[in-house]
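Participant: Produce the complete structure using the sequences and hints provided.
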Amino acid sequence: MQKRLMILGTLFEMTDLVKKANARGCYTVVCDGNPDGPARVWADRDYVADVRDVDRIAEICREEKINAIITSFSDIMFEMMVRIADRAGIPCYADPAMLPAYRDKQVTKKICRELGLHVPEFRRTKAEEWLCGTEACRPEADERPFGSESGDESPDPWKIYPAVIKPVNSYGSRGLQVVWSPEEIREWFRRTDPELIHGEALLEGVSRGQELNIQAAVVDGKVQLLSLADRMTAELDRNTIRVDYANIYPSRYFDQAAPVVTDILQKYVEKTGQKQGPVAMQCFWDGEKIEIGEIAARFFGFEHELTEYITGLSLEDYLLDLVCSPDHGKERLRSHSPKGSGCAAGIYLTSVRSGIIKNQDSVLDLARQQGTVGFHPFYKAGDAVERFGPAPYYARCYFRTENREQMDEKIRAVMETVHALGENGEELLFRPDLQETDMHVK
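Anchor point for the sequence shown: position 161 equals 161 in our numbering, and the numbering is continuous, going up by one each time.
Just so you know, these hints were derived from the structure itself, not from any lab.
Note that CB positions come from ideal geometry on N, CA and C, so glycine has one too.
Be aware that one or more of the hints could be misleading.
[Claimed, not checked] Capping the alpha-carbon separation at 16 Å, the derived lysine to aspartate or glutamate pairs in EDC-like fashion look like this:
(1) Lys19 - Asp46
(2) Lys222 - Asp263
(3) Lys271 - Glu114
(4) Lys358 - Glu427
(5) Lys110 - Glu128
(6) Lys289 - Asp255
(7) Lys126 - Asp46
(8) Lys3 - Glu63
(9) Lys19 - Asp317
(10) Lys19 - Glu59
(11) Lys159 - Glu184
(12) Lys275 - Asp321
[Claimed, not checked] Label pairs and their in silico Cβ distance ranges:
(13) Ala23 - Glu200: 17 to 27 Å
(14) Asp263 - Lys358: 43 to 53 Å
(15) Leu333 - Glu294: 37 to 47 Å
(16) Lys358 - Phe302: 25 to 35 Å
(17) Glu129 - Asp44: 18 to 28 Å
(18) Asp365 - Gln406: 12 to 22 Å
(19) Asp255 - Pro100: 44 to 54 Å
(20) Lys330 - Glu423: 29 to 39 Å
(21) Gln406 - Asp255: 38 to 48 Å
(22) Phe302 - Ala97: 28 to 38 Å
(23) Ala367 - Glu200: 53 to 63 Å
(24) Val219 - Lys65: 21 to 31 Å
(25) Gln369 - Lys65: 44 to 54 Å
Facilitator: What follows is the structure in structure tokens.
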């Protein structure tokens with residue numbers, strides 16, 4: 001029987017998934033709220049509907065006789081896929097009971113603590129604890145921060161600075177800020193969109209070490225590592241979370257960290273009950289232990305292609321195997337080597353100043369450089385940019401080299417020579433201090 005496949009999402013990250021599904025003979029339907037999504041061009045049928053409108057999209061699935069559904073690269077897309085599949089009676093690798101473990105940051109951290117895994121010190125907090133302006137707003141003893149290694153209560157309930165404050169159920173980096181004092185927390189609550197936080201936030205201690213990105217597959221309840229990367233970040237200012245400027249595959253700590261992160265994910269999926277499908281983790285490695293930042297049941301956006309560049313495994317093919325040919329997918333993974341060969345990196349240029357683009361010739365030249373295997377500019381001359389927007393990046397470029405040393409040299413050259421200039425000659429791009437990025441891993 002032909003697979004009639006609902007693919008949730010139409011942005012350019014989804015175009016290869018749609019094309020590959022078509023090549024397999026699937027009838028493809030795409031849907032999200034973006035009427036101009038480029039993946040629409042390649043689908044057999046497309047619909048414009050807010051992905052959070054579960055009833056509407058479930059109705060579309062019934063009308064189109066959909067018998068499979070898939071998405072990836074976004075937490076909100078993953079959650080809505082699970083809810084739509086449940087409402088429409090379509091098979092899915094996750095069910096609604098699993099959602100808190102993968103979508104609620106506090107639940108994730110509580111599960112990790114129960115499993116004896118390391119997480120930053122954290123606590124859930126409410127706006128009213130901060131905005132009344134009196135000492136009575138301080139939490140009672142049983143509301144003090146928790147999540148530290150020892151599990152002991154801190155004698156000072158606010159001894160978690162610097163900390164990151166974030167919306168409880170946000171996605172990406174929306175609303176995140178580094179705070180250094182109670183006053184900065186109060187100011188965050190005053191100016192953050194109430195629709196984003198609903199009066200609540202999560203306070204979390206700042207992690208140290210090399211940041212790692214892990215992507216894996218769960219096959220009949222067993223975790224198989226697909227890739228392990230270094231996420232390279234640098235500081236912009238004291239109140240901004242570190243800016244990601246490059247993700248490098250494989251990690252220089254692959255041999256030490258790979259068995260540790262695989263074991264962590266195995267424990268986690270056994271707790272959540274996940275038997276199939278993607279699982280990913282962002283964490284910090286100090287040379288001795290892993291501190292977990294995030295665990296998700298989907299792949300990372302804006303870098304999933306890098307796994308294919310070093311290992312030959314297309315994550316789109318894996319996702320389609322899940323719904324079209326699971327036995328073939330298991331066979332494909334049997335020969336997979338997550339370390340791969342050579343080195344691949346995504347270099348991410350980010351705008352950090354408002355302005356009108358006058359000259360970006362050196363950015364566009366990246367597409368023609370030796371070793372470039374992918375290039376996506378988000379702007380053209382004359383466009384307006386702002387701090388971290390409006391697009392997710394200013395430009396994204398993928399490179400391949402024979403080894404890590406060559407890749408480090410390539411990244412340094414890009415960061416030192418590539419510029420985007422505004423109308424008055426001002427630099428619009430983030431310029432990371434590459435000397436400052438050593439995270440002192442032992």
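Participant: A separate judgement is required for each hint: does it hold in the structure or not?
Facilitator: Right, here's what the structure says about each hint:
Between Lys19 and Asp46 the CA atoms are separated by roughly 14 Å; this keeps the pair inside 16 Å, and the hint holds. For the hint pairing Lys222 with Asp263, the CA-to-CA distance comes to about 10 Å; that is within 16 Å, so the pair holds. For the hint pairing Lys271 with Glu114, the CA-to-CA distance comes to about 10 Å; that is within 16 Å, so the pair holds. For the suggested pair Lys358 and Glu427, the alpha carbons sit about 10 Å apart, so the restraint of at most 16 Å is met.
Between Lys110 and Glu128 the CA atoms are separated by roughly 24 Å; this puts the pair beyond 16 Å, and the hint is violated. With a C-alpha separation of about 14 Å, the suggested pairing of Lys289 with Asp255 holds against the 16 Å cut-off. Proposed proximity of Lys126 and Asp46 is contradicted: the alpha carbons are some 41 Å apart, above 16 Å. Restraint check: the Cα-Cα separation between Lys3 and Glu63 comes to about 15 Å, which is no more than 16 Å; the hinted pair holds.
A C-alpha spacing of about 11 Å is found between Lys19 and Asp317, which places the hinted pair at or below 16 Å, so the restraint holds. As the CA atoms of Lys19 and Glu59 are separated by approximately 24 Å, the hinted pair breaks the 16 Å bound. This hinted pair checks out: Lys159 and Glu184 have alpha carbons roughly 14 Å apart, not beyond 16 Å. Taking the CA atoms of Lys275 and Asp321, the gap is about 15 Å. The hint holds against a cut of 16 Å.
A hinted range of 17 to 27 Å is violated for the C-beta pair Ala23 and Glu200, which are about 45 Å apart. A C-beta distance of roughly 51 Å is found between Asp263 and Lys358, which places it inside the suggested range of 43 to 53 Å. About 24 Å separates the C-beta atoms of Leu333 and Glu294, a value inconsistent with the hinted range of 37 to 47 Å. Judged by the Cβ atoms, the range 25 to 35 Å given for Lys358 and Phe302 holds: they are separated by roughly 26 Å.
In this structure the hint that Glu129 and Asp44 lie 18 to 28 Å apart at CB is violated, the actual value being about 52 Å. Between Asp365 and Gln406 the beta carbon distance is about 19 Å. The supplied range of 12 to 22 Å therefore holds. Between Asp255 and Pro100 the CB atoms are about 34 Å apart, so this pair departs from the stated range of 44 to 54 Å. Checked against the hint of 29 to 39 Å, the C-beta distance between Lys330 and Glu423 comes to roughly 56 Å, which is inconsistent with it.
For the pair Gln406 and Asp255, the beta carbons lie near 20 Å from each other, so the given range of 38 to 48 Å is not met. For Phe302 and Ala97, the hinted distance range of 28 to 38 Å is satisfied, since their beta carbons lie about 29 Å from each other. Range check, Ala367 to Glu200: Cβ separation about 44 Å, and the 53 to 63 Å hint is violated. Separated by about 29 Å at the C-beta atoms, Val219 and Lys65 satisfy the suggested range of 21 to 31 Å.
For Gln369 paired with Lys65, a C-beta distance near 47 Å keeps the hint of 44 to 54 Å intact.
The structure fails to meet hints 5, 7, 10, 13, 15, 17, 19, 20, 21 and 23 from the earlier list, while all remaining hints are met.
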